[in-house]
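Model the full structure from these sequences, guided by the hints.
One letter stands for each residue in the lines below.
There are 4 protein chains.
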Amino acid sequence: MARTQPIRMGMIGGGEGAFIGAVHRHAAGLDGDYKLVCGAFSRDAKNNSNTADALNIDSQRTYSDWQLMLDAEAKLPPTERMEVVVIVTPNHLHVPISLAAIKAGFHVFCEKPAGVDLGEVLDLQDALLSSDRLYGLAHTYLGYPMVWQARHMIEQGMLGSIRKVFVEYPQGWLSANEESHNKQAEWRTDPALAGGSGCMGDIGTHAFGLVEFVLNDNVSALCGELHTHVEGRRLDDDGAALIKMESGATGVLIASQVCAGEENALKIRVYGDKGGLEWQQMEPNSVVYRPLGAPYQVFRAGLGQPGLCNEAIDRCRTPGGHPEGYLEAMANLYKNFAVAIRNGDSGKAKGVPGIHSGVRGLAFISAMLASSDSDMKWETISNVGLQN
Amino acid sequence: MARTQPIRMGMIGGGEGAFIGAVHRHAAGLDGDYKLVCGAFSRDAKNNSNTADALNIDSQRTYSDWQLMLDAEAKLPPTERMEVVVIVTPNHLHVPISLAAIKAGFHVFCEKPAGVDLGEVLDLQDALLSSDRLYGLAHTYLGYPMVWQARHMIEQGMLGSIRKVFVEYPQGWLSANEESHNKQAEWRTDPALAGGSGCMGDIGTHAFGLVEFVLNDNVSALCGELHTHVEGRRLDDDGAALIKMESGATGVLIASQVCAGEENALKIRVYGDKGGLEWQQMEPNSVVYRPLGAPYQVFRAGLGQPGLCNEAIDRCRTPGGHPEGYLEAMANLYKNFAVAIRNGDSGKAKGVPGIHSGVRGLAFISAMLASSDSDMKWETISNVGLQN
Amino acid sequence: MARTQPIRMGMIGGGEGAFIGAVHRHAAGLDGDYKLVCGAFSRDAKNNSNTADALNIDSQRTYSDWQLMLDAEAKLPPTERMEVVVIVTPNHLHVPISLAAIKAGFHVFCEKPAGVDLGEVLDLQDALLSSDRLYGLAHTYLGYPMVWQARHMIEQGMLGSIRKVFVEYPQGWLSANEESHNKQAEWRTDPALAGGSGCMGDIGTHAFGLVEFVLNDNVSALCGELHTHVEGRRLDDDGAALIKMESGATGVLIASQVCAGEENALKIRVYGDKGGLEWQQMEPNSVVYRPLGAPYQVFRAGLGQPGLCNEAIDRCRTPGGHPEGYLEAMANLYKNFAVAIRNGDSGKAKGVPGIHSGVRGLAFISAMLASSDSDMKWETISNVGLQN
Amino acid sequence: MARTQPIRMGMIGGGEGAFIGAVHRHAAGLDGDYKLVCGAFSRDAKNNSNTADALNIDSQRTYSDWQLMLDAEAKLPPTERMEVVVIVTPNHLHVPISLAAIKAGFHVFCEKPAGVDLGEVLDLQDALLSSDRLYGLAHTYLGYPMVWQARHMIEQGMLGSIRKVFVEYPQGWLSANEESHNKQAEWRTDPALAGGSGCMGDIGTHAFGLVEFVLNDNVSALCGELHTHVEGRRLDDDGAALIKMESGATGVLIASQVCAGEENALKIRVYGDKGGLEWQQMEPNSVVYRPLGAPYQVFRAGLGQPGLCNEAIDRCRTPGGHPEGYLEAMANLYKNFAVAIRNGDSGKAKGVPGIHSGVRGLAFISAMLASSDSDMKWETISNVGLQN
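Residue numbers (numbering that gives the first Met the number 0), protein chains in the order written: chain A, 0 to 387; chain B, 0 to 387; chain C, 0 to 387; chain D, 0 to 387.
In short, the hints are calculated from the structure, not lab data. Please note: incorrect hints may appear among the correct ones.
Note that the list lumps identical chains together, so a pair holds whenever it fits in one copy or between two copies.
[As the list claims (entries may be wrong)] Derived DSBU-like pairs: lysine-lysine, alpha-carbon spacing no greater than 30 angstroms straight-line:
#: 1; residue 1: K273; residue 2: K182
#: 2; residue 1: K266; residue 2: K376
#: 3; residue 1: K243; residue 2: K376
#: 4; residue 1: K266; residue 2: K243
Structure representation (structure tokens):
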């Protein structure tokens, strides 16, 4: 058996004061598959070098600029240079960096949304179709074992024919004017950095992606509205939509960042003619299954737990009752991305959301903006994106 | 102190095999304020007399027909004849009986919805305005102490200015073709008996009424859709709407009877700029309060429990931790209706939903039907009904 | 079919300011089986007459004294006099009144504990054995449908051979010196009125009775200790014991009234070699069932709910999701007591705890006092009481 | 700012098929503070080399034996050799390896319990007192932020004077004869490898340690019993005890591995004269706080969450609502251990359980064995171990 070398990883963004960069580093570190070798963490030189020092990055591989990093790393010997670049910048840079990185020969693991505009994301999709590089999108919630279990139970017909889906994602952290003093809030409410939607780009895409993944079905159309509640805020912070699935099921999608007191309460419920199920992110290790005509059951995550599908088991590290959480969910994406890199796969990494999710997410954002502008016209999105 | 005589009550509907009639009798019996003295329980003579016998009703005051009952009772001496009539028939008889009963001098306590058609309910409203008789509508959920507590906390400004309201009422009992063998399901899905809407008439009105009560605000407009999922079913069994409140808040209303495995999961969440709250019918003795910037709190029903408003305390019979439920909620309506009768109040009984709730409920049903027919046009309903 | 006449009921105790008397009246009223016809509600004349007036009791049948009441009622014609007497006085009067009532020919429904002393309760048991009168004991929690469901599931072998039982009953209402100002607390902490134990007599007996009922097995021995936490308090307010069952299972019993912030959190968990189950009074409509090697299941109370035994169904009035609670649990005792009265049963009323529960409860209290005094000696109680 | 080098870590035990070794590696990897450089993972040569390869360990630093490893590593240059050794073998080797490692100059991070016998653990304590090496003990649950929050709230007097503590640790995984086919179960039920107690050594020590930590108080005496339920099992699999704290509080400790269907349900409840609190491991991000006379509150883990103490905040990596779990709890021990190593601290690592916890754990096990053998004699343990 040959020694398993860690994959060399670089990071763009994620300097001191950022949130999601550290999350990616924790997640990549959890299973020991990656080694951070270089970074362009911040355009602020002091922040950049402090971050690099804290992360034990050689100053020669600490870059002031992402273009410099891609260029310099590409010139290093193949056994030294980074293999995958993690993009944790504000949204507007996601596509430009992704395109350049792929062109320079690197795999890309990118925070969501894939970009700020459907057009640019479709361009990225084109570029990926003609490349052998892997592209992963951090739809973190799709790394949870019990999200896979929910999808599996629906695929197995345990709910029968699907009729209804309700997804909701209430947060409360933007209830007040956070953008005046909180860096995270600042860029997420700035159209130049975040894109055309605030709440839908930031969390609506998670809710949308969860629906399409769990049902293994596309949203065909939606009719919704967006709201902005805090004075001076430049993007929506709240919205809801009625949705239709290609299979004929219908439902409701809610995403809001002004639900005062809510933390991060993403939840999905699905109902078919034979039963229903429910999963919620804040108690992620359970799927409640409600078969018609029998007591309801709770399937639980964990090694050795009864009734789990292989995809769920593969995403657990501990026996039942030892809760795993958000970092483990993202680590599952990294773990599967590492498998694909080591396998030499091209295109999509199995078990990791890819550009298709990115395209669908932007189609969702566009449709929400259009429907809200038109006072509740149904917007069709079934035709956007390749088949998954 | 004079002896408190029980109020003489008659019942129309509620024979063997019916559900809600027994609920009313339990609720009316709980506090000892009423004595059932007469009834027209069923058009089936055998059922009618069996029901009467089981309830210890004199055969002379067991009537084969509701008109006969109103006529005969009106002719009895004032100290003997029934004082209030409880209407627990299918919906299409609610208004005709109510009108006749009021005319004959009886107070009316009626199951919801108030009728099958907005027009007839407005007529009933007119009749009540020129009568001194009391009219109560069994919006049972408005009898729960913690629903009053939620309303109180909003009135006190504990949530600040209201931005969002989400109400949902998923049930699963009509997931299959129940109407083929279940009497309850049969009439509730028959347009001639239930009215123009199935799910919205049966449970959507509860969700709608809960929103207007808890927020002490009217829904100004809604945009929604209705669905029918079971083959051969003649009325909607599911629907959802985006809603706007007169105050400017917005939200979502969901009501469905095909959420397989769900029991009776009515739930409301409200968010303002200072906090949020949540109440759910299946754990009715708690209000979760989420103040912005402090740990969330749980207010609990019960005599001696901290933080409760008077309206909540008045609706509790036991100390905290001795759960009260659905029958006690309806008993609270009966208790308050008894107070009003004994006080000689006219028009509205304090603490009991009245004709205004009935009118609003029908306006809601009409708007849901119209919006769904028009493919998501906003329907305005702020102008329907007198002010509460 | 003959008309079902309500059973004529009298009450001793339960005047204004008492708690449990009103609970009994609500419970007896819920199903319409009883009519309160007489009472000796309080030794305070004003309280007595006010209570009687509020309850519409004829002043001629409002008695200043319980002996007077028993004598006077016994002299009334059989179709007029009370049939059953409800005893809701402090504990020290339970046995004297019960004995006198039985002797005078009345059925007895008594608050628990059955008495203050094992000896007097054994005397009462003897008296009942030679009488045809019915005796019911208000172990209210044994009226809950899901307590019967739990017992049924164990009887059916769904847990296999029972190994462990944990029962706990934490309350917090005596955390401070309540007896200085709260009537309820006053007599419950007075040895002359409450008996030799405070907490064990008041709530420990409930926990103990629940174990014996759900397991359908006797506690054979216990080893425990009692504590008193509030200065000046004259009886224990807290205690715990290790217990052994006759079947060989072992467990823990906790009862405390100084668990600050707890309401009335009675809970039982049972484990066998094939599975476990859990029921808690504050969410009384669920039994959690944990079969070994399968996802856990939740059985839910309600008409039409899957998997329920007949004894559970018979104790439900509403469909699933319409919560029933504490008053309904006690009403179930009253309903079954009414059935037994109407059937002319003698001795034990089916489905209602009787003198056997009373004897066992006092044996438990005695053993707790003895074990605590002896610094943790095992006290055997398997030999106390007739077989159930 | 100087670059932060990872700490060089070696591991003894943790080969393929073991559970806890991987947990330690995940935890050590999460924050990037450690680099695994050597190991003696298994006495099975194939397992050892496979594990090493999978972990990218140089074959020259993959040792067939722990003594060899300590010797060889000690001879490497200071900048190369391992700095800390992680011990994840069966219990009987914990002390021998710890003693040798300290003597050889390595810091030790050891799975719990510290050893199999109080005597050997006291010897280890002596050795540590005369060494400058750090010793950490993996009482993982003491790494949870909300366990620190609970301790803090008690220290701040938010509960007043403590009266009661209930701790319980039900598991179900040893309900059947697991040791016949499950390696984990095999050694944990073998007295030669696990020590004199099965359940108390494995999980009772966690429950005990949690009580002493959260209350910041010692158990002074206990009176308990042990049971073995599965035929042929050689050690206890279940037990319970009444406990007394030095402060005067009393309580109950339950630990069992035959609670069929339970996962890993460690839970603690504490009550004082001003309030109570509750924490449970399976929902580790909440502390329920029940102040006397006010609605109960829920304190929630997460960056930016209200009301948290510094010790809790320091143990969070994500904002509220992004659940962290068991691996993060252990990672918090590793993170604090890294801080102490880098600081050059000697003796105890701040925020990490040390030899004192080890000594107390063994004193607990000894007392449980002695009390159970003596049929419920109180065993005093307040005098065992140095002050924390």
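Hint by hint, here is what the structure shows:
1. K273 x K182: between (47 angstroms within a copy, 22 angstroms between copies)
2. K266 x K376: Both. Shortest intra-copy (26 angstroms) and inter-copy (28 angstroms) distances satisfy the 30 angstroms Cα cut-off.
3. K243 x K376: both (13 angstroms within a copy, 17 angstroms between copies)
4. K266 x K243: Result: close both inside a copy and across copies, 18 angstroms intra and 24 angstroms inter.
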